[in-house]
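Enquirer: Got chain A sorted already, so can you dock chain V onto it with the hints?
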Amino acid sequence: DGFSDQVFRTLFIGEGNACYRTFNKTHEFGCQANRENENGLIVRIDKQEDFKNLDSCWNSFYPKYSGKYWALLPVNLIRRDTISQLKSSKCLSGIVLYNSGESIHPGDESTAASHDAECPNAASDYYLQDKNEEYCERKINSRGAITRDGLMKIDWRIQMVFIDNSTDLEIIEKCYSMFNKPKEDGSSGYPYCGMSFRLANMAAGNSEICYRRGKNDAKLFQMNIDSGDAPQLCGAMHSDNIFAFPTPIPTSPTNETIITSKYMMVTARMDSFGMIPEISVGEVSVLTSIISVLAAARSMGTQIEKWQKASNTSNRNVFFAFFNGESLDYIGSGAAAYQMENGKFPQMIRSDRTHIHPIRPNELDYILEVQQIGVAKGRKYYVHVDGERYQQNKTQTDRVIDRIERGLRSHAFDLEKPSGSGDRVPPASWHSFAKADAHVQSVLLAPYGKEYEYQRVNSILDKNEWTEDEREKAIQEIEAVSTAILAAAADYVGVETDEVVAKVDKKLITTIFDCLITSNFWFDCDFMQKLDGGRYHKLFNSYGFNQKSTYISMESHTAFPTVLHWLTIFALGSDKETLNVKSEKSCSHLGQFQAFQMYTYTWQPNPYTGNFSCLKSAIVKKVMVSPAVDSQTPEEEMNTRYSTWMESVYIIESVNLYLMEDASFEYTMILIAVISALLSIFAVGRCSETTFIVDEGEPAAEGGEPL
Amino acid sequence: MDISKLTDVKKVDLCKKYFLIGACFLPLVWIVNTFWFFSDAFCKPINAHRRQIRKYVIASIVGSIFWIIVLSAWEIFFQHYRAQGLVWTDFLTFVFPTGRV
Numbered sequence: 189d190g191f192s193d194q195v196f197r198t199l200f201i202g203e204g205n206a207c208y209r210t211f212n213k214t215h216e217f218g219c220q221a222n223r224e225n226e227n228g229l230i231v232r233i234d235k236q237e238d239f240k241n242l243d244s245c246w247n248s249f250y251p252k253y254s255g256k257y258w259a260l261l262p263v264n265l266i267r268r269d270t271i272s273q274l275k276s277s278k279c280l281s282g283i284v285l286y287n288s289g290e291s292i293h294p295g296d297e298s299t300a301a302s303h304d305a306e307c308p309n310a311a312s313d314y315y316l317q318d319k320n321e322e323y324c325e326r327k328i329n330s331r332g333a334i335t336r337d338g339l340m341k342i343d344w345r346i347q348m349v350f351i352d353n354s355t356d357l358e359i360i361e362k363c364y365s366m367f368n369k370p371k372e373d374g375s376s377g378y379p380y381c382g383m384s385f386r387l388a389n390m391a392a393g394n395s396e397i398c399y400r401r402g403k404n405d406a407k408l409f410q411m412n413i414d415s416g417d418a419p420q421l422c423g424a425m426h427s428d429n430i431f432a433f434p435t436p437i438p439t440s441p442t443n444e445t446i447i448t449s450k451y452m453m454v455t456a457r458m459d460s461f462g463m464i465p466e467i468s469v470g471e472v473s474v475l476t477s478i479i480s481v482l483a484a485a486r487s488m489g490t491q492i493e494k495w496q497k498a499s500n501t502s503n504r505n506v507f508f509a510f511f512n513g514e515s516l517d518y519i520g521s522g523a524a525a526y527q528m529e530n531g532k533f534p535q536m537i538r539s540d541r542t543h544i545h546p547i548r549p550n551e552l553d554y555i556l557e558v559q560q561i562g563v564a565k566g567r568k569y570y571v572h573v574d575g576e577r578y579q580q581n582k583t584q585t586d587r588v589i590d591r592i593e594r595g596l597r598s599h600a601f602d603l604e605k606p607s608g609s610g611d612r613v614p615p616a617s618w619h620s621f622a623k624a625d626a627h628v629q630s631v632l633l634a635p636y637g638k639e640y641e642y643q644r645v646n647s648i649l650d651k652n653e654w655t656e657d658e659r660e661k662a663i664q665e666i667e668a669v670s671t672a673i674l675a676a677a678a679d680y681v682g683v684e685t686d687e688v689v690a691k692v693d694k695k696l697i698t699t700i701f702d703c704l705i706t707s708n709f710w711f712d713c714d715f716m717q718k719l720d721g722g723r724y725h726k727l728f729n730s731y732g733f734n735q736k737s738t739y740i741s742m743e744s745h746t747a748f749p750t751v752l753h754w755l756t757i758f759a760l761g762s763d764k765e766t767l768n769v770k771s772e773k774s775c776s777h778l779g780q781f782q783a784f785q786m787y788t789y790t791w792q793p794n795p796y797t798g799n800f801s802c803l804k805s806a807i808v809k810k811v812m813v814s815p816a817v818d819s820q821t822p823e824e825e826m827n828t829r830y831s832t833w834m835e836s837v838y839i840i841e842s843v844n845l846y847l848m849e850d851a852s853f854e855y856t857m858i859l860i861a862v863i864s865a866l867l868s869i870f871a872v873g874r875c876s877e878t879t880f881i882v883d884e885g886e887p888a889a890e891g892g893e894p895l
Numbered sequence: 003m004d005i006s007k008l009t010d011v012k013k014v015d016l017c018k019k020y021f022l023i024g025a026c027f028l029p030l031v032w033i034v035n036t037f038w039f040f041s042d043a044f045c046k047p048i049n050a051h052r053r054q055i056r057k058y059v060i061a062s063i064v065g066s067i068f069w070i071i072v073l074s075a076w077e078i079f080f081q082h083y084r085a086q087g088l089v090w091t092d093f094l095t096f097v098f099p100t101g102r103v
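In order, the protein sequence lines correspond to chains A and V.
Read in order, the letters of the first sequence correspond to residues 189 to 895 in my numbering.
Read in order, the letters of the second sequence correspond to residues 3 to 103 in my numbering.
Just chain V, same shape as in the assembly:
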């Protein structure tokens, strides 16, 4: 989709929809939203519609950072204990590494 051809009203609507979808535990949608509407939010002259877009983009950025921190912390924690071959980490593992704990 080429959003440059959309009107500002439709852009606000789309940005809002992506923000709400991302709020359903889908941080990648927030990241897409951020990249997609970043130039509209911060690089173009401000108006009422773009102010709304900026609001959703900032919220998407904050949400994305929150998820990145949470997922990174979990990954570090999980990998640290997974390498010890514990019962709970094995239970959550999808594929056991061959020849390694």
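Only chain A is shown next, with the shape it has when bound in the complex:
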């Protein structure tokens, strides 16, 4: 190691900053290190024209070099017209991605850079699985998608690493400039600056293979000396999902009474991804929609008595669901639908405890989902329903849609209503529940009609530069959508939709928008710092824990579920009944030692004042694993009704920069070494035993004479 310090300049690469292998039931995707793609000479691709050099393998610049290259490439140059060159190049070892610093605005239509497919989640579509449609019939993301199947579904032959640290990037750029940058006459010579990087995956093939190989009975001869268990090769993508019940219904003590209620589930997805999965903020794909639901929840939370009273009378309830893994074939909602069918949602029931009453799929009347808020063209929104189901319950659904329209109109936004029985629901959590129950209705509110207007859905570039006007417009949209959610929910439950109920806190929306979207990290703003109150610790050296990422991953290595959980508790939690609780310990005891397990008690600060209090809420933070890859549900193993996405366990090494010498230099050094060795042999070969005998008495002594 001491010697390698003198040869290499090492740059540490954290978990999540590089491309690794992912799997679905039939294929493997992503990157894997091998002998061919570890080392290379560093080159730059700064603009579109530089891709010509990639085609010619930079022969004109480095005629004497016949090896492979690591290309420094800004993320915004990954486009439709460049992706095929990157995929097919035979002289690339890999690419070093970095943020170019070029600002992209939310309304920018010149950058079609969605890393998702033309038909997101096509394989899990309700209409496909119900045999009503062919695969990918409605290309809803065709304007933005870089490739037909999305960049997550490419099995790359190259490696990729993302450099976010400006110091590290400068070191690589400096190394390139000093040794590799062609001189003014276009020539360059040895030594060159080379780079090596290695990410080795444990698993291969597809989800089915690696899931099976991780089981203890996968092999006839199972010999695992360390733990006795089969080593983990891959893991199901899973993370926390958050379910909040403003008006929870308790289970009866003896479980004799089965209570049947009706529910409207207000939902927004909490995950996104990019070509390197972890590198994805998901500003429009995730965050704006979540802010609108949070604002609605907060408004409801401040007047919970009215909602409770109305729910008790009408036997209709509203609850909030933030599903994780929705962009990867509906991991969260698929698991929730499965649990609902088996009476395990939202909690596992113990007969001696009181829990939130299980919700069955047939109790779901509506799934009100919001998507891609903040990027509407003009002031128009669309509501998407399933045409057939809409016709079955037109009167009631029209009423819900009418309230949504009123909510939007109160903020000067228009709503395009459903056109008829042929309407199909775009990719949304509803698809998971539609497979479980034939009556559950979708009400999807979004700023797109037949196709996505926003061209960077699920992308590393879903990270915008917001001008003051764009920010204000986005906040207005969030406020309007939040009002629409409240209006629809209030009417469904039976609360009077007067101004008091439907008023959302615009100041809160602005604050959360600035904290989650404008700030560099979740806890950079005052509001979030106070909400944190010293509770957040960067436990892992992963991208998701140190940078803004909404990727689901296969471990809880991202901070976002914690952020959202705390925000949901702030929105719906109450300390009215716990004012006498003055310490964290006594607050946690409230939750632990009670037979009444419906509520959780969280010692959390108020984000405005920073003062801690014990907040009571019926919020369930739950890790959801797709039943198809969950060892707890072997009967559903690899059932394609559910998501089969998995991630490989991998070993990531550091980036090493080093100087590459001409091959002739190495041959010369070998020749010198061989000559030296031969000379040594000749020199030593001429010696005899006597050569080394200095004491003349030794031969005599060997002859038996005394010394």
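The set of hints was computed from the structure by calculation and includes no laboratory data.
Keep in mind that a hint or two might mislead.
Said to hold, decoys possible - From the structure, some residues in chain A lie toward chain V, with a derived Cβ separation under 8 Å: (1) A392; (2) R400; (3) R401; (4) L408; (5) F409.
Nothing here was measured: the structure is a model prediction, and the numbers come from that model.
Each residue gets a CB set at the ideal place from its N, CA and C atoms; glycine is no exception.
Expert: Chain V only, in chain A's frame:
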């Protein structure tokens, strides 16, 4: 063991023992037997003892070739299907290759 110092009677006895041990599904013993007694069986003047040794050596050669064919065929067959990650091939695999099917 230096078999050159053994008498022909003992050599026959040893060669027979190795042949019988090899018959217990131990083809490597047959291969050792072949190499060990090949010169006695085929390169030295023939006599009654060496005729017996030749018999066991030929039988060991035939047995070894049979095993080589069987094992090679199995290996080709198994590796062909093992690379596809099938359930039965995984079940018979001792160590899963890292990062490869």
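Enquirer: A separate judgement is required for each hint: does it hold in the structure or not?
Expert: Hint check results:
| no. | hint | result |
| --- | --- | --- |
| 1 | A392 | holds, 5 Å |
| 2 | R400 | holds, 6 Å |
| 3 | R401 | holds, 5 Å |
| 4 | L408 | holds, 5 Å |
| 5 | F409 | holds, 6 Å |
Of the numbered hints stated above, none is contradicted by the structure.
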